[in-house]
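A.B. asks: Starting from the known structure of chain A, fit chains B and C onto it as the hints suggest.
Listed here are the chains, written in short residue letters.
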Amino acid sequence: MNTNNKTGQSTGIKIKNNWFAIVVSLLFLLFPLVIKNNYFIDVAFFFGIYTLLGLSLNIVLGEVGLFDLGHMGFAAIGAYTTAILNTSFGIPIFVLLPISAIAAAIFAYLVTSPIIHLRGDYLCIVTIGMGEIVRLTLINNPFGITGGPNGVFGIDFPSIGNLLIIDNSVKFYYFIWVAVGLTVLALIHLQDSRIGRAWNCIREDIIAAEASGIDVRYYKLLAFVLGAALAGVAGSIYASKLMIVSPESFSFMESCMLFCIVLIGGMGSIPGILIGAAAISLFPEIFQTFAQYRMLIFGAALVLMMMFRPGGVWPRQRGKIQTESILVKTGKSEI
Amino acid sequence: MKLVIEQLLNGLTIGSFYALIALGYSMVYGVMKLINFAHGDLFALGSYLGYTLLVMGTAYVTSTLGIWGGMIAAILVAAIGTGVMGLLVERIAYRPIYPTGRLPAVVSALGVSIFLQNAIMVVWGARPQAYTSDVIPSYMLNIGGLRITVLQILILLLSFLLMGVLYYIVQKTTFGAAIRASALDRETAALMGININLIIFFIFALGPALGGTAGVMVGIYYRRISFIMGWNYGLKAFTATILGGIGNIPGAMIGGLILGVLEMLGSTYISTPYKDVFVFLVLILVLIFRPRGILGEKVAEKV
Amino acid sequence: MKRIKNIFIVLVIVTLCLSVNALAQKDPVVIGLQGPLTGSAAVEGEMAKQCVETAALMINEKGGILDGRMIEIELVDDAAQPRAGALAAMKLVSMREVVASIATYGSSVTQPASDIYEKFNKVNIAYGATVTGLSERGLNYFFRTCGRTDTQGIFFAEEVVPYFGASRVAILHDNTSFALGLAEEARKALLDAGEAELVYFDAITPGESDYTVPLTRLRETNPEVFYFTGYFSEAGLIIRQAREIGIDAVFVGGDAAINEDFIRIAGLEYAAGCYMTQEALIQYFTNPEAMEFKEKYQATYGTLPSSPWSVYAGDALMVLAEAIDKTGSTDSDVLVDYLKNEMEEFPSITGPIGFDEKGDRVGTGINLYVVNDDGSYSIVER
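Protein chains in written order, with the working numbering: chain A, 1 to 335; chain B, 1 to 303; chain C, 1 to 382.
Excised from the complex, chain A in its bound form (with noise of 0.2 Å):
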């Protein structure tokens, strides 16, 4: 794949690690033919799931340094969705799934309009409050709609007619990840093309974008309401796995772990976002003879992940040209 931009310098991921990039999707590939165990096949599905989510998360924190920390309130949307209308209306999941993503997008789009202007931190408690308010009013099932406490179950399995139904945990962990891959490849795209620029360009330094003639407010609306169609597709598929949803899984708590899977895993940085989200979904996993104790490890890794790799375990590689790598290798980002 060629990223290189029209003066032939090199942009966007490092594709000379052409080989490595195939070694990986033949491991995501051959995994479940190989390990047999559910277990382990779950855990990756959603490993896969977090991924998606991070991804979803990366254009808002990552791409253009937004501070969302109600993320988690774009896919319940996306899960209560799919959830509601297949459960009253039997409509099919396949169906249901960029209803979803249209859903989580109108509102993150009426939810973040006129909030968009605000500075970082002030953005995050917004996002945190929002978030908060999708849970909220999730459990107090207004108009009788979304369950409460106990949430929506039933749903069902993907399908379409009686060719392809996605039952079992293999078939959820090809679905998820084909999922992923598809996403991976428009998001390098985007990367690549003037939104992606533009997005970088806020980032960095929101006066010079808005001087250099970049409409800073429908690329910022732009990011949100496309992060959130992509949580609202994850808690989508999410939804059709568990057969349940319910408020729990949407938890401000669940907000600060994506945030951290950005974080841990470089902002920007696709494949970083891939090793916060194994860091993540299999941490706890790993640790569960560490019992009470494995939160306290958590905690402690992730303070200790900070003091020796603030920029993530793989940041956002650029071109050598660009002076602005040096800041991205330390980590350094000003809001």
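Wrong hints could be hidden among the right ones.
Stated by the list, open to error - Below are the DSBU-like pairs computed for lysine-lysine, each with C-alpha atoms no more than 35 Å apart in a straight line:
#1 A:K36 <-> C:K119
#2 A:K36 <-> C:K296
#3 C:K340 <-> C:K296
Stated by the list, open to error - Per label pair, the in silico range of CB-to-CB distance:
#4 C:E342 <-> A:F89: 40 to 48 Å
#5 B:L9 <-> C:G365: 41 to 49 Å
#6 C:R96 <-> A:L33: 15 to 23 Å
#7 A:F94 <-> B:F201: 54 to 62 Å
By construction, these hints were calculated from the structure, which means they are not laboratory data. Here the structure is a predicted model, which is why all the values come from computation and not from measurement. Glycine included, each C-beta is placed from N, C-alpha and C at the ideal position.
C.D. replies: Chains B and C only, in chain A's frame:
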């Protein structure tokens, strides 16, 4: 009418707890531009320290010092303990990370918060604990049909006293001016000869100490403490900070009080489960129409 | 390049750890236990673990089952989260040596978990999931040793309210799965009974400290009976705050509201005179199994479990051990058949247990208890 006053007092009481915790957030944020997520858990730690002193060592403490003496001792122990912990946290988890930027610091703060919360759970157990009746004075007053406990009055007085002292220090003394200067522009303040390390020491010791004091007071007033209380109170206090104008110390106090009263209003007139939704909505509206918060200063944008 | 190498090393180490974890052991009979060991419900998970281990100790000391095989517990944390619950269930299901599982606490966590157990034909017994709908899904392998909220709600409306001769009832819950379920069942039963009027129905937010505002509103509706269906942590605060602002109504707690911790948090002066609709209060049980259990538990942990659910987990273990021993088999279908058709009035810790066709427990009585002035409980004769 009597009802309204009663509810107002309740709102102010819980508001003053939010205010005390919010002060810590505001001070740290103002100078360091860091959202100290661990602050809420330091508050919880304070209440557990007070609990350890009073309930677990009860015979000794209360018999030597009496109930009131015991409370004062608990507050002192909690304040000192959390102050020390706050300094430790700053030194270990934040100082190495400041130079690299704001976002890594946020993740680090989250990490510390998770660590502290679970550390409390491991040390004191997952069961909620209670300040037992024998360590708490319980005189009831009846003023014109209003039922108030002496405790409530004392707590309100103590909170306002602490806030007043802090307000005085920050607004009226030279040292306070130094703090405000550092909040405005840390680098320039350092260039002007202000001892930034001293400022940092002050905010990371005093902020958590105030939070720890609030912790003991919450323990005494409501009696039940649990290892997850830090998260809940922390979020509310952070909201109060923003409401009042982040980085602004009198703003944090007012924000806290207003938040307490808002919660009370929401719970009374809308519905108890939706009160948090109401509070967040108000916050969002305030931020849309008055983004700097109630008392925040307008920061000029250099163009 | 170095980074890639590092990542690979980490992956290798991780895989090794995981495989060590999964080494199967052949001799003991392994029963899975799923519960919240971390998170906001950590206290329940911890107690459930302690109860199950005590029950296992009781059985192992007597020589185990199936001719000398010891019982071993495989513990998995689900943090009271549905997703983690599904993963935990999947983990236990994937471990071939795990015969059956005791799972779990929290109705919204038990839902996806039981779906997974059902899919893989594994017996699972819930110990802290009382939402009625759970056993109405036509599942074959799902059981529970706890009761259902509808029984308790009906008991409240048809027995408790008339006992106090009350005509004005207030119900307060906390929007959690269990409390809401019980509150709704109570409300429905009150409506059906048609005698008393429901004057107040609202929810508080758990985890907070100040409930004076909703309580003041409750006071203004002048109820004669005040039913709180939430947990002991809030109940302790609520009774004290309620009394302090002048609510005189009779206070009745639901299943999860009143225990040692409640008395400690509320203070004896407020706790005395409170009532509760209660299934399994371990302190009250005097049957030989309960006495033995209490003695062993107290000896190891220094106190008694403060919630009914964890004791039900202990019951679940004893039930499973009995089924395996009596049928001589670890096959799920054989066990299901025994549990549903053969097991009758099996003496467990909380009294005689049997199961009906839906997997619900047969043989729990709900009683009205009152807290005495010295902190002990007595049954109120009806």
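A.B. asks: Could you run down the list of hints and mark each one as holding or not?
C.D. replies: Hint check:
A distance of roughly 17 Å separates the Cα atoms of K36 of chain A and K119 of chain C; the hinted pair therefore holds under the 35 Å criterion. Restraint check: the Cα-Cα separation between K36 of chain A and K296 of chain C comes to about 41 Å, which exceeds 35 Å; the hinted pair is violated. For the hint linking K340 of chain C to K296 of chain C, the alpha-carbon distance of about 30 Å falls within 35 Å, and the restraint holds. Between E342 of chain C and F89 of chain A the beta carbon distance is about 44 Å. The supplied range of 40 to 48 Å therefore holds.
The supplied range of 41 to 49 Å is met by L9 of chain B and G365 of chain C, whose beta-carbon atoms lie about 45 Å from each other. Hint check: R96 of chain C to L33 of chain A, Cβ distance near 20 Å, so the stated range 15 to 23 Å holds. The supplied range of 54 to 62 Å is met by F94 of chain A and F201 of chain B, whose beta-carbon atoms lie about 60 Å from each other.
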